[in-house]
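Visitor: These are the residues of each chain, in order.
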Amino acid sequence: MSDGSMTIDAAIVSADAPRRAPQAHGSRRTYSAYALVTPAATLMLAMLLGPLAGVIALSFTDYQLGAPHFSWIGLANYHDLFADRVFWIALRNTLTYVVIVVPGAVIAGLVIALLIQSGTSLRSFYRTIYFLPVMATLIAMAVVWEFMLHPQFGLVNGLLRSAGLPAFAWLQDRSTALYALCAIGIWQAVGFNMVLFLAGLVSIPKQLYEAAEIDGASSGWARFRLVTWPMLGPVTTFVVVISGIRSFQVFDTVHVLTKGGPSKSTEVLIHTMYTEGFEFFRSGYAAAITVVFLVFVLALTLVKSRLADRGVHYT
Amino acid sequence: MSHSHPIPYRAILRHVLLIAGAAIMLAPFIWMISTASKPQTEVFSSELHLIPHHFALWENLREAFAKSNLLRFLINGVIVTVSIFVLQIMVALPAAYALAKLRFVGRETLFALVLFGILIPPQATAIPIFLLLHKLGLLDSYAALVLPFTISVFGIFLMRQFFKTVPDDLVDAARMDGISEFGIVWRVMLPAAIPAVTAFGIFSVVAHWNDYFWPLIVLNSEQLRTPPLAVAHFRNNEAGTSYGPLMAAAMVIISPLVIAFLFAQRRFIEGITLTGIK
Chain S
532 MSDGSMTIDA AIVSADAPRR APQAHGSRRT YSAYALVTPA ATLMLAMLLG
582 PLAGVIALSF TDYQLGAPHF SWIGLANYHD LFADRVFWIA LRNTLTYVVI
632 VVPGAVIAGL VIALLIQSGT SLRSFYRTIY FLPVMATLIA MAVVWEFMLH
682 PQFGLVNGLL RSAGLPAFAW LQDRSTALYA LCAIGIWQAV GFNMVLFLAG
732 LVSIPKQLYE AAEIDGASSG WARFRLVTWP MLGPVTTFVV VISGIRSFQV
782 FDTVHVLTKG GPSKSTEVLI HTMYTEGFEF FRSGYAAAIT VVFLVFVLAL
832 TLVKSRLADR GVHYT
Chain D
3 MSHSHPIPYR AILRHVLLIA GAAIMLAPFI WMISTASKPQ TEVFSSELHL
53 IPHHFALWEN LREAFAKSNL LRFLINGVIV TVSIFVLQIM VALPAAYALA
103 KLRFVGRETL FALVLFGILI PPQATAIPIF LLLHKLGLLD SYAALVLPFT
153 ISVFGIFLMR QFFKTVPDDL VDAARMDGIS EFGIVWRVML PAAIPAVTAF
203 GIFSVVAHWN DYFWPLIVLN SEQLRTPPLA VAHFRNNEAG TSYGPLMAAA
253 MVIISPLVIA FLFAQRRFIE GITLTGIK
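In order, the protein sequences belong to chains S and D. Just so we're aligned, residue 532 is where the first sequence starts under the working numbering, counting upward by one. Just so we're aligned, residue 3 is where the second sequence starts under the working numbering, counting upward by one.
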């Protein structure tokens, strides 16, 4: 059970399946059932579903924390948002980040998984090393990366200089800052994707490779194209969507390293939401940004479940 | 493959590529340890060297602990992550049992809501929960750090999946023995579900030990800071002057999880993957 999406799909199926007939003394047990689910159901309403409805409702108000009154203003927040240059910059930067980090982290994760799985030696050694960044507190490692990217004393520029290449002020230069954050994002996500791909690779039946070999697929590339890649389809979909959703949430590195600068070149949606909502306390406006963010994340999820449904046909 | 190519050639290429990649993955960790071990004069030298000429790790660690109350922040991290995990289990386990083994009106709806809840990213609910905690006067407290995470729909989902595999006979036998439904959850199902609980525990602790977004929003007081906030504050106050102690602080903050991971990496990886939906 390495693939969360598959488990969920399986769960939906089993929830629809017919139940066994109810057993005797049901009423006392039913009473117990409600007692058992009440804390969870209450907290779900208070901390998840209520707030979700709340954020949508707030996005139609001009509520500001500390203001004496607030009123319904319909779509005004959205009008303001769509007229705001910073919002479009943040959206474009977020999409750029997603478009760079997702392929980077997915392809690197796949290649590393294939390399690890193609031999037998040192598998768990490599797996451990590549997974290490997933475990390490991102904020702490972001601070380390910042020092590595230091214009004068950093490792990266030091290596570039010793190779005779020009150095950059990576995080202070508006033409490189977002890409530096993308690099950190890929570095952090690769190990997680690698593990998901490894789990996918292990589950491919050996006979398929034998069959392909009999059919004349002798080269490594032919076996990859004919067996590995199609069999990894569902896992790949899952990895791409999960990477996409996580990249949409990029915040930690932005907040601690660049604060969205220089000149908004690293401003991203969640950072804009944080600034508006928790520094300026413009709750209604920040809620509208959150709704836009939610729409993107839910759209990605929808794409995943569509593709996962299609995937069933060839597994 | 062994027919068409000599094996050593392929194996060597595999190791060369994997080691090159591993060097990139490890570079920040190595550079962190290297910088944390260097005195100020060596940190601010544009000449690259990995091994410090003068070993200053203890001085840097001492300075990090002196400039920032790191021990306190680590304890905060433990208090918050352990409280979250214990409460998550106390809330999720009974619900998961009921969803897996009991029949009641509204069960399908509740389960559908659990599945829906998994799709909601934590940032989406931040503003209303912040306003709620503000109304309740709970901002800037341990409660503010813990309360929003006491419900883990993913935990409910994972445990329910696991409980489905526990035989009904076991539950019926416990009922014959006169154990209440509540007792069954803790005395029959919990022991059976230890692997799933462990996997979920790893996921929960990793996620909340490393979380930056929520503590940043709800905390003001220095003495409540969690480890990630502590590093961020250290950097903001000291950046540009004391990279050695800053790297030492970063080392201290990541070490509890990283050391645990190095000791039990297989379990960690399985745990994270199993629960990696978030």
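Keep in mind that the hints are not guaranteed to be accurate.
What the hints assert, rightly or not - Short, incomplete list of chain D residues facing chain S, as computed with Cβ under 7 Å:
| # | residue |
| --- | --- |
| 1 | E183 |
| 2 | G185 |
| 3 | L259 |
What the hints assert, rightly or not - Derived coverage of chain D by chain S (criterion: at least 3 residues anywhere in the stretch with Cβ under 8 Å from a Cβ of chain S; other residues may be distant):
| # | region |
| --- | --- |
| 4 | 22 to 28 |
| 5 | 31 to 39 |
| 6 | 138 to 147 |
| 7 | 188 to 198 |
| 8 | 266 to 276 |
Claimed, not checked - Some residues of chain S that are not near chain D, with every Cβ distance over 10 Å (derived):
| # | residue |
| --- | --- |
| 9 | D593 |
| 10 | A671 |
| 11 | M679 |
| 12 | E741 |
| 13 | D746 |
| 14 | P761 |
| 15 | D783 |
Since the hints were made in silico from the structure, they are not lab data. A virtual CB, placed ideally from N, CA and C, is assigned to each residue, including glycine.
Visitor: Please go over all the hints and tell whether each is borne out by the structure.
Guide: Hint check:
{"no.": "1", "hint": "E183", "in the structure": "4 Å, holds"}
{"no.": "2", "hint": "G185", "in the structure": "10 Å, violated"}
{"no.": "3", "hint": "L259", "in the structure": "5 Å, holds"}
{"no.": "4", "hint": "22 to 28", "in the structure": "holds (count 5)"}
{"no.": "5", "hint": "31 to 39", "in the structure": "holds (count 4)"}
{"no.": "6", "hint": "138 to 147", "in the structure": "violated (count 0)"}
{"no.": "7", "hint": "188 to 198", "in the structure": "violated (count 0)"}
{"no.": "8", "hint": "266 to 276", "in the structure": "holds (count 7)"}
{"no.": "9", "hint": "D593", "in the structure": "14 Å, holds"}
{"no.": "10", "hint": "A671", "in the structure": "4 Å, violated"}
{"no.": "11", "hint": "M679", "in the structure": "6 Å, violated"}
{"no.": "12", "hint": "E741", "in the structure": "13 Å, holds"}
{"no.": "13", "hint": "D746", "in the structure": "16 Å, holds"}
{"no.": "14", "hint": "P761", "in the structure": "19 Å, holds"}
{"no.": "15", "hint": "D783", "in the structure": "5 Å, violated"}
Violated hints, listed in ascending order, are 2, 6, 7, 10, 11, 15; each of the other numbered hints is respected by the structure.
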